[in-house]
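Keeping the supplied structure of chain A fixed, place chain B upon it in accordance with the hints.
Same order as they appear, the protein sequences are chains A and B.
Numbered per this note's numbering, the first sequence spans residues 1 to 114.
Numbered per this note's numbering, the second sequence spans residues 1001 to 1111.
Hints in this document: simulated from the structure, not taken from any laboratory.
Just so you know, even glycine gets a beta-carbon here, dropped at the ideal spot from N, CA and C.
The reader is advised that the hints may include incorrect statements.
[Stated by the list, open to error] Quick partial rundown of chain A residues pointing at chain B, CB under 7 Å, derived from the structure:
id	residue
1	G3
2	G42
3	P43
4	F60
5	P100
6	G101
7	F105
8	P107
[Said to hold, decoys possible] Covered stretches of chain B (chain A as the covering partner; in silico rule of three or more C-beta atoms under 8 Å from a C-beta of chain A):
id	stretch
9	1038-1044
10	1097-1111
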Amino acid sequence: ETGVTQSPTHLIKTRGQQVTLRCSSQSGHNTVSWYQQALGQGPQFIFQYYREEENGRGNFPPRFSGLQFPNYSSELNVNALELDDSALYLCASSGMTSPPGEQYFGPGTRLTVT
Amino acid sequence: GENVEQHPSTLSVQEGDSAVIKCTYSDSASNYFPWYKQELGKRPQLIIDIRSNVGEKKDQRIAVTLNKTAKHFSLHITETQPEDSAVYFCAASISTDKLIFGTGTRLQVFP
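Okay, chain A solo, but in the shape it has when bound (with noise of 0.2 Å):
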């Protein structure tokens, strides 16, 4: 296992809310990205964090928004919850102590949005 973690493990919220959800980077990496996976597929960037700057994005519109604090934890909200994001939301760590490239994930958090 790694020691990347999340909460909450799981989450039902109502269209229209805002969510907020929380990534703990594994010891010693600087950088967190975010992905949404759907049922049945790959995980799908969303984007990522280092050095408490957005660092790239992926083709998600601006109601998801992070953030990333000076101890390399990450927060993931979106706002204006709909139906379509229904979906495991994976977080992964990485830089400093691993190869370049390397994403260790955590378990995510499940979002059921009714």
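Frame of chain A, contents of chain B only:
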């Protein structure tokens, strides 16, 4: 845009047989190609990776090959075991950039 295609979508093999999963990437600047195994309800787990300066890499029963000219890379699992049953994802990236994932291959190994 960047794209990774993965085949087959499902693969069933008898225990002890070999399994091969193939991927094709579109961005010629890609230089890092990891493979992840995801068991039901669990996180994707990095099982092997290869960089663009290497043509083949092996780790026990698992090997990965890369053909940069054709933009193809493949995962080979030999002597498959029931515990190899899972969904396997290939991915491609440029250095420390985002991972672009394939659509996954569901591997079933029958005893």
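Each hint, compared with the structure:
no., hint, in the structure
1, G3, "violated (12 Å)"
2, G42, "holds (3 Å)"
3, P43, "holds (5 Å)"
4, F60, "violated (12 Å)"
5, P100, "holds (5 Å)"
6, G101, "holds (4 Å)"
7, F105, "holds (4 Å)"
8, P107, "holds (5 Å)"
9, 1038-1044, "holds (count 3)"
10, 1097-1111, "holds (count 8)"
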